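**Q** Listed below, chain by chain, are the residues.
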Amino acid sequence: MSAPLLTVRDLTVTFRIDDGRAPDVDAVRGISWELHAGEVLAVVGESGSGKSVTSLAILGLLPGTARVTGSATLGGRELVGLTHRELSDVRGKRVAMIFQDPSNSLDPVFTIGAQLDEMLRRHLPDLDRQARRARSVELLTLVELPDPEQRLRFYPHQLSGGQAQRVMIAMALACDPEVLVADEPTTALDVTVQQEVLDVLRRLRERTHTAIVLITHDMGVVADLADRVVVMRDGAVVETAPVAQLFADPHADYTRTLLAAVPRISATPRPSDADTQVRPTLNIEELVVEYRDRRGRVVRAVDGVTLRIQPGEMVALVGESGSGKSTLGRCALGLAPLTSGTVEVVGTRLGKDTPRAIRAARTRIGVVFQNPAASLNPRYTIGQSVAEPLRVHAGLRGAALDARVAELLDSVELPAAWAERYPHELSGGQRQRVSIARAISLDPELLIADEPTSALDVSVQATVLDLFRDIQRRLRFACLFISHDLAVVDELADRVAVMHHGTLVEVGERSRVLSAPEDAYTRRLLAAAPVPDPAAQRARRAERAVAS
Amino acid sequence: MTRYLGRRAVELVIVFLGVTLIVFLMVFALPGDPIAALGGDRPLPANVIAELRGRYHLDEPVLQQYLRYLGGLFTGDLGTTFQGQSVADRMSSRWPVTITLALTAWGIEVVLGVLLGLFAGLRKGRFGDRLVLAGTILATSVPVFVVAVTAQLVLGVRLGWFPVAGTADGWPSGYLLPATVVAIFGLASVTRLMRGSVIDTLNSDFVRTLRAKGLRERRVVGVHVMRNSALPVMTYLAIDLGYLLGGTVVVEGVFNLPGVGQLLFQAIRTHEGPTVVGVSTALILIFLLTNLVVDLLSSVLDPRIRHE
Chain A
1 MSAPLLTVRD
11 LTVTFRIDDG
21 RAPDVDAVRG
31 ISWELHAGEV
41 LAVVGESGSG
51 KSVTSLAILG
61 LLPGTARVTG
71 SATLGGRELV
81 GLTHRELSDV
91 RGKRVAMIFQ
101 DPSNSLDPVF
111 TIGAQLDEML
121 RRHLPDLDRQ
131 ARRARSVELL
141 TLVELPDPEQ
151 RLRFYPHQLS
161 GGQAQRVMIA
171 MALACDPEVL
181 VADEPTTALD
191 VTVQQEVLDV
201 LRRLRERTHT
211 AIVLITHDMG
221 VVADLADRVV
231 VMRDGAVVET
241 APVAQLFADP
251 HADYTRTLLA
261 AVPRISATPR
271 PSDADTQVRP
281 TLNIEELVVE
291 YRDRRGRVVR
301 AVDGVTLRIQ
311 PGEMVALVGE
321 SGSGKSTLGR
331 CALGLAPLTS
341 GTVEVVGTRL
351 GKDTPRAIRA
361 ARTRIGVVFQ
371 NPAASLNPRY
381 TIGQSVAEPL
391 RVHAGLRGAA
401 LDARVAELLD
411 SVELPAAWAE
421 RYPHELSGGQ
431 RQRVSIARAI
441 SLDPELLIAD
451 EPTSALDVSV
461 QATVLDLFRD
471 IQRRLRFACL
481 FISHDLAVVD
491 ELADRVAVMH
501 HGTLVEVGER
511 SRVLSAPEDA
521 YTRRLLAAAP
531 VPDPAAQRAR
541 RAERAVAS
Chain B
1 MTRYLGRRAV
11 ELVIVFLGVT
21 LIVFLMVFAL
31 PGDPIAALGG
41 DRPLPANVIA
51 ELRGRYHLDE
61 PVLQQYLRYL
71 GGLFTGDLGT
81 TFQGQSVADR
91 MSSRWPVTIT
101 LALTAWGIEV
111 VLGVLLGLFA
121 GLRKGRFGDR
131 LVLAGTILAT
141 SVPVFVVAVT
151 AQLVLGVRLG
161 WFPVAGTADG
171 WPSGYLLPAT
181 VVAIFGLASV
191 TRLMRGSVID
201 TLNSDFVRTL
211 RAKGLRERRV
221 VGVHVMRNSA
231 LPVMTYLAID
241 LGYLLGGTVV
251 VEGVFNLPGV
261 GQLLFQAIRT
271 HEGPTVVGVS
281 TALILIFLLT
291 NLVVDLLSSV
301 LDPRIRHE
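So the protein lines, in turn, are chains A and B.
Per this note's numbering, the very first residue in the first sequence carries number 1; after that it's consecutive.
Per this note's numbering, the very first residue in the second sequence carries number 1; after that it's consecutive.
For reference, chain A alone in the conformation it holds in the complex (with noise of 0.2 Å):
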């Protein structure tokens, strides 16, 4: 093999916390790899491995309060150490970079076509103006954007994520980089999306000859993408392999513990807990909900759905961005206006029935949403977030209600202690099993979950999964499950619905739905989850090529 393109050696990033009033934090511990010209090199790890510290550290990318030790050479050139200045020239032109959320990436006030040009002209002085516009256009075209000419004078909020995220790897790739950075690519993408971004990486390296580090937490990604792959863990490397081998026979426990806890959709079958002889908990009969854009266009976010769901009965509703799936949630709250159609909830018919009785009905709907560090009170102590519908709903005080909170805080697997602390001395798992505390707090006969599970690491997302599951089947609410994520899907729901453009495309029995799809659209949904096994992700990809 020759001569690595890049080699990290025994990196550290250590960052000052509080100007040196607290200990400092060891966010990368002595890590070394390399990277191989024209190779995917996959850096995988949870939140807090230091996987993305690394890349931002060896691009002197990190704040001022980070110290960065080691060796990191490009080529023969030492990186760490230089200074700012010298390592903006070779920022974009020899090592560039794309990051995972691509709508924030861009300036909100330049054309993409400004921000592409002063990338040029900051590192290829030669090119004249035409030269230069001549090369946006051949980029763009290169990224499979359409209508690249016209795409020059667009601004970033005119684009969709997948588009901006082209745009930005276009701009990565305006100087020709040997190497390219991808931070988290396609987290914040939907799937058929993400597959569609991960097909112009692939293509990328037939056409050109730029090594790619592809940082991920999302082993499907790696899978489809990566040649080799390093696995992170609390700032140290614990494994290093070529990907086949990784997933065939990995080595390291944590390895191991990873992989298992990636969610796989298996679509077996299994006995529902469904109550199907009472009246449904929740439900929609041929509901519509219109609403005004900013232009005064008039906006069908959800298109004649009916949809039941039974007392202890778990329905996922599946769908992309934009696909209708969480007004529908919201909708079942009463929190969105009914254009036409019915909603009746835990025996309320909402629009038709008084306030008060909708105000009363919501009491007995609990709600999970996505982002649990978002929807906690900061200033409140969890133990106070979880009493206060108690408080509130149920006239709990004192000795009984303390008794309640520890109870409910014990069902999540919390200690009853903790009761004390903020939200911000939990980890993010920690708050959501909080968030769900809250939710069953009341015992409600309705739960809404909207993407409870989205913002975890898998390890993670696998124990608050197996905690839900738990505690709805020994509560035996009915729920509404919303999530983008079939795999989490086949792990929890009785039932799947999958809403696209407004309309639920597909409903019926989970493993039937997962196994054998009726509907186009959720044919197109299970094909672009990329699968967590190389050979499988290189077959399905291959099926892919002829059908299309």
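Calculated from the structure, these hints are not laboratory results.
Heads up, a few of these hints could be off.
As the list claims (entries may be wrong) - Listed next, the in silico DMTMM-like pairs over lysine to aspartate or glutamate satisfying Cα-Cα at most 25 Å (straight line):
| no. | chain 1 | residue 1 | chain 2 | residue 2 |
| --- | --- | --- | --- | --- |
| 1 | A | Lys93 | A | Asp199 |
| 2 | A | Lys352 | A | Glu445 |
| 3 | B | Lys124 | A | Asp19 |
| 4 | A | Lys93 | A | Glu39 |
| 5 | A | Lys93 | B | Glu217 |
| 6 | B | Lys124 | B | Asp200 |
| 7 | A | Lys93 | A | Glu78 |
| 8 | B | Lys124 | B | Glu217 |
| 9 | B | Lys124 | A | Asp18 |
| 10 | A | Lys93 | B | Asp205 |
| 11 | A | Lys352 | A | Glu286 |
| 12 | A | Lys93 | A | Glu144 |
| 13 | A | Lys93 | A | Asp128 |
| 14 | B | Lys124 | A | Asp24 |
| 15 | A | Lys352 | A | Asp303 |
Stated by the list, open to error - Estimated spans, in silico, between C-beta atoms of each pair:
| no. | chain 1 | residue 1 | chain 2 | residue 2 | range |
| --- | --- | --- | --- | --- | --- |
| 16 | A | Glu425 | B | Gly135 | 43 to 51 Å |
| 17 | B | Pro232 | A | Ser47 | 55 to 63 Å |
| 18 | B | Arg219 | A | His209 | 26 to 34 Å |
| 19 | A | Arg77 | B | Trp171 | 55 to 63 Å |
| 20 | A | Ala37 | B | Arg219 | 30 to 38 Å |
| 21 | B | Ile305 | A | Gly322 | 20 to 28 Å |
Owing to the predicted nature of the structure, the values given are computational and were not obtained by experimental measurement.
The beta carbon of each residue, even a glycine, is placed where N, CA and C say it ideally should be.
Take the given structure of chain A and dock chain B to it, following the hints.
**A** Chain B in isolation, oriented as in the chain A frame:
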């Protein structure tokens, strides 16, 4: 765009009618009778009072008077004072003074505020930042009147760097000191606003992208951070320009500047209703128009709020 302009025009008319009506009614509610006051110590004969009331339509119901006044406005007539002078004439000589004062103050706010805010934001938590922050707190906590008199005494009388009063020296030296005094409060607000805005922008993802692109720090800060940070500050500056035009009363008094603020103050004291309404109307119009201009300007600078 046309639709947006149309909507804004309708809003402008509604606000204008509402505010002028309120001012009109308030002037009527002022205690004292302006006609009786014309005679000074001697009471006027009843027939003279009746004649004057008729001439100024004071015998009509308030609303009718208001409508008559509005009618006059559309023909460019801002009304007539009880001394028989045209309100427009009385104001015309005073506008240049007030406008010069307000624009100079505004210029100080824009240039110094934005630069100080940028300076402090880039040095968040360091000595320079703390110094600027302490300065803004000091500036907002001292009353304008105190600042005005102290500045006049120290810089004008003792040191003789600036003229003590009046506009005899012309622009800029005759206006610099009063304008600085007027600007102090707004300057502190603009500085703090800009500082916060710069800190937010520096933390945003796209700034990281710009650095990852290899752009020089000068360009990242000078072009991208500046333009993004200035947007929220613009809105404040628009409102403040209107405030400056109407809020120069104290400073015009202290520095004896013959501006509109002084005229308004005198008119309120002497129950000179037509002048109060006329000056207020003109100020309201200026306020509404500057806001419209700035809103249009920010839609040019910020493509996300472009009004199609």
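**Q** State for each hint whether it applies.
**A** Against the structure, the hints come out as follows:
1. A threshold of 25 Å between alpha carbons decides the hint, and for A/Lys93 with A/Asp199 the separation of about 24 Å falls inside it, so the pair holds.
2. Using a Cα cut-off of 25 Å, the hinted pair A/Lys352 and A/Glu445 holds, with the two alpha carbons roughly 20 Å apart.
3. At roughly 13 Å between alpha-carbon atoms, B/Lys124 and A/Asp19 fall within 25 Å of each other, so this suggested pair holds.
4. For the given pair, A/Lys93 sits about 18 Å from A/Glu39 by alpha-carbon distance, which is consistent with the 25 Å threshold.
5. For the proposed pair A/Lys93 and B/Glu217, the alpha carbon gap of about 16 Å is at most 25 Å, so the pair holds.
6. With a C-alpha separation of about 11 Å, the suggested pairing of B/Lys124 with B/Asp200 holds against the 25 Å cut-off.
7. Distance restraint check for A/Lys93 and A/Glu78: the Cα-Cα separation of roughly 16 Å lies within the 25 Å cut-off, and the hinted pair is therefore satisfied.
8. Only pairs whose Cα atoms come within 25 Å are accepted, and B/Lys124 paired with B/Glu217 is accepted, the gap being roughly 17 Å.
9. Between B/Lys124 and A/Asp18 the alpha-carbon distance is near 14 Å, which keeps this suggested pair within the 25 Å criterion.
10. Restraint check: the Cα-Cα separation between A/Lys93 and B/Asp205 comes to about 20 Å, which is no more than 25 Å; the hinted pair holds.
11. For the proposed pair A/Lys352 and A/Glu286, the alpha carbon gap of about 16 Å is at most 25 Å, so the pair holds.
12. Restraint check for A/Lys93 and A/Glu144: the C-alpha separation of about 22 Å stays at or below 25 Å, so the hint holds.
13. Simply put, A/Lys93 and A/Asp128 have alpha-carbon atoms about 18 Å apart, close enough for the 25 Å limit, and the pair holds.
14. Of the pairs offered as hints, the one joining B/Lys124 and A/Asp24 holds, with about 21 Å between alpha carbons and a cut-off of 25 Å not exceeded.
15. Restraint check: the Cα-Cα separation between A/Lys352 and A/Asp303 comes to about 20 Å, which is no more than 25 Å; the hinted pair holds.
16. Separated by about 37 Å at the C-beta atoms, A/Glu425 and B/Gly135 break the suggested range of 43 to 51 Å.
17. Against the hinted window of 55 to 63 Å, the Cβ-Cβ separation of B/Pro232 and A/Ser47 comes to about 31 Å, which falls outside the hint.
18. One distance hint, 26 to 34 Å for the beta-carbon pair B/Arg219 and A/His209, holds here, with the actual separation near 29 Å.
19. Restraint check, A/Arg77 to B/Trp171: a C-beta distance of roughly 58 Å satisfies the suggested window 55 to 63 Å.
20. Range check, A/Ala37 to B/Arg219: Cβ separation about 31 Å, and the 30 to 38 Å hint holds.
21. Taken as a hint, the range 20 to 28 Å holds for the pair B/Ile305 and A/Gly322, whose Cβ atoms sit roughly 22 Å apart.
The structure fails to meet hints 16 and 17 from the earlier list, while all remaining hints are met.
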